[in-house]
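Peer 1: Below are the chains, spelled out letter by letter.
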Amino acid sequence: MYQYDQYDQAMVDARVAEFRDQCRRRLEGHLTEDQFKPLRLMNGLYLQLHAYMLRVAVPYGTLNSRQMHMLADIADKYDRGYGHFTTRQNIQYNWIKLEDAADILADLSKVEMHAIQTSGNCIRNISSDHFSGAAADEVIDPRPYAELMRQWSSFHPEFSYLPRKFKFCVIASEKDRAAMRLHDIGIRILKNEKGEVGARFHVGGGMGRTPMISPVIRDFVPVDQLITYAEACLRVYNRYGRRDNKYKARIKILVHELGKEEYTRQVEEEFQHLLDQGVEPPYAELERIKAYFADPAFEEGLSDDLDLSDPDFALWVKTNTNPHKQAGYVSAVISLKPVGGIPGDATAEQMHLIADLAKDYSFDELRVMHTQNIGLPHVKKADLYAIWQKLDAAGLGTANLDQIGDMIACPGLDYCSLANARSIPVAQKISQRFDKNGKSAALGELKLKISGCINACGHHHAGHIGILGVDRKGKENYQLSFGGSEGEDTSLAKITGPGFDEDGVVDAVDKATDVYLRERQDGERFLDTYRRIGMAPFKEALYD
Amino acid sequence: MTETAPENHVQFRFRDDAQVSDPAVTVDAFLGQTNAAAVRIEPGDDARQLLPHLDRIALVEVNFPAFTDGRGYSAARLLREEGYQGELRAVGDVLIDQLSHMKRCGFDAFAPDAPLNEEDAQAAFNRWPEVYQSAADDRQPIWALRHKG
Amino acid sequence: MKILTGNDLKSGAVVWWTGKGWSIHVDDAVDAGEEWETVLASEEAERRVNVPYAVEAEQRADGSIRPAHIKERIRALGPTVRADLTLKPNDPDAIAEVV
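Protein chains in written order, with full-length UniProt numbering: chain G, 1 to 544; chain H, 1 to 149; chain U, 1 to 99.
Hints are computed from structural coordinates only; laboratory data are not their basis. For each residue, glycine too, the CB sits at the ideal point set by N, CA and C. Watch out, some of these pointers could steer you wrong.
[Claimed, not checked] One-sided and incomplete, this derived list gives chain U residues near chain G with beta-carbon spacing under 7 Å:
1. N7
2. K10
3. S11
4. G12
5. V14
6. R47
7. V55
8. I65
9. R75
Could you build the full structure based on these sequences and the hints that come with them?
Peer 2: Take a look at the structure:
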């Protein structure tokens, strides 16, 4: 994985010093809260319900054991012994003091980490496929391109005060494991007929209150023009993106209002202009970065055979592993969704264990997944049983990947100052209900996603089953929706009808799964059955 | 509405030539008359309208009514990319923590509404030991330093 | 009644206006009366509390204070899903009251 050189380290160190100085000026009264807020947000520091919250970047979801140990140490030293892994492959801490924030950033800088641009109206942490560099189906490892873009977007002088936040996602396989088309810009690295590498640009996707799936605006940008093209996309957005209404300020609204053709025309015009401006790093820079992402020293000729005589282990292998490009290896997923647990939360102790497993069994590499789980990308099949035993003993061996218990949930009204309703208790009740009724395995792949407000951090628009918490006359109420997907078949979910209270929505989900079990045909997932039979049979079961 | 903007005090200036004291006119007024040498860009203005006239402009003021509105960064950088050599002055809600980015986008004069603490401002101008991008200043990006020679 | 709340600037902790200062216990909150806007302005200027604001609440017979909105009740107690981290640790009744 990538390692800082003296330049990268100097930049992160300068940022720590800058933020320490900004905190001082805030506490001394030289900065008002209105002036300070955008600055602290650009360092990931929010003010939430109970305290400050710090979001730490995990660029494209990749980290090593030393970094994970540091994340655990920060949880113990500055927080309350745990952290929350997010849908954009970051981690956030819920109980941070402003006085400690600069010290935390200084600790992070010692392990080449930071909280740069994890919030604010700037280019955010760049997300990617969590199985990059490991997946059997990828064209090329997308992370070098993401790292090139990370450097380009860090402290960008022109794009630090955009109309609104800006999220990039870079993937490189047909299968989309990163909700690529629901980002402001989704880039798919691919090869053309001549075998040349380039980038397909999808611009104007997003969730939030106006969910949109991004259209393709350029099928193939040569890889040595990637940065220039991104710069053109951003400049047109910075020029025309709406500033009068924050709910209409995302690029998806601009692309929608201008029309894809006009937006594209303007980008191409700007791109032609920028091609002469020398903004593109030389190809040698990409090559330099690529060298850090070379394959680890995989053993050759390993067998793919596995002793599955332990049924619990066999189940975990079946649900929680993904095919690897190297024979004899898999990517294994550590579920942070124990039955009745808080989705995405991990204790410092668990983080230390996960770090040790990465060191011992996965070439010192970990992945934070947008599904709020942790991946061990390069695991020898022969080591799986030992890994699973250790995970199981630590309460991390839940075999539920992509099943209903593996739901995404935002922090909701238990922590978040924007939320209208709690998300976590709904997640917990659904998890417990389906554990008790034993339907999870029979239901198979069923992606349930819960957001506590319209901002959609819990990706409810993209859930096979989505739940949105709203405030109805001071009471928590939950709208149910079906048919969303954030995979390569991206679609937006449709609302079933009137909302439910907390227990009501759990019942409703249960009933909906009965409709699916009754109606499904061979091999159909919940999503497929819904797409085939439509909303009516579900509505009948929910509202009669 | 007046066609002439109020005068701001220039607190920081990185030019050797004499400061332009002509009152800056609005973009509309500038395009409608031929003799103005100073023009003020508001956030909604399209700086590209000035491109045919760059050779007769000595001062462009870019107004930041709110520091969070970043359109002026693109306007400034574009003018520099198109060869504008005159003074480029950031005016309005110009604060310490935006100075270095503004300078990178080509601003060479700063006239904040409220005077800034000198020491803090100098620290801000000197904040970044290196830079990751090529922009409108003459700093070499990190990628260029890495692949020198 | 109207009570005043905000987050402590340095620690981020939820605090409530007691008439003399700020307390982390909502039951210490007092009716801010007619003067609440003046209090907010001066407290913000002192930089003790970040963006203080006023919320509706009721005082119950036993003297305890219950904010009208669930969001403020969660702020007053702590996350309902981590009983161990609330101001009344591991008290299921306290959580039941919030929701």
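Peer 1: Against chain G, run the beta carbon of R75 (chain U) and see if the smallest gap drops under 7 Å.
Peer 2: OK, holds: R75 (chain U) within 7 Å of chain G, min 5 Å.
Peer 1: Can N7 (chain U) be said to touch chain G, with a Cβ gap under 7 Å?
Peer 2: 6 Å, holds
Peer 1: With a cut-off of 7 Å on the beta carbons, see whether R47 (chain U) makes it to chain G.
Peer 2: Holds, about 6 Å.
Peer 1: Would the hint on K10 (chain U) be counted as holding, given a Cβ-Cβ threshold of 7 Å to chain G?
Peer 2: 5 Å, holds
Peer 1: With a cut-off of 7 Å, does the beta carbon of I65 (chain U) approach a beta carbon of chain G closely enough for the hint to hold?
Peer 2: 17 Å, violated
Peer 1: Could you check if V55 (chain U) really has its C-beta closer than 7 Å to a C-beta on chain G?
Peer 2: With a minimum Cβ separation of about 12 Å from chain G (threshold 7 Å), the hint on V55 (chain U) is violated.
Peer 1: Answer holds if the nearest beta-carbon of chain G is closer than 7 Å to that of S11 (chain U); otherwise answer violated.
Peer 2: 5 Å, holds
Peer 1: Does the CB of V14 (chain U) sit less than 7 Å away from some CB of chain G?
Peer 2: Since chain G brings a Cβ to about 6 Å from V14 (chain U), closer than 7 Å, the hint holds.
Peer 1: With chain G as the partner, please determine if G12 (chain U) meets the hint condition of a C-beta pair closer than 7 Å.
Peer 2: OK, holds: G12 (chain U) within 7 Å of chain G, min 4 Å.
Violated hints, in rising order: 7, 8; the structure is consistent with all others.
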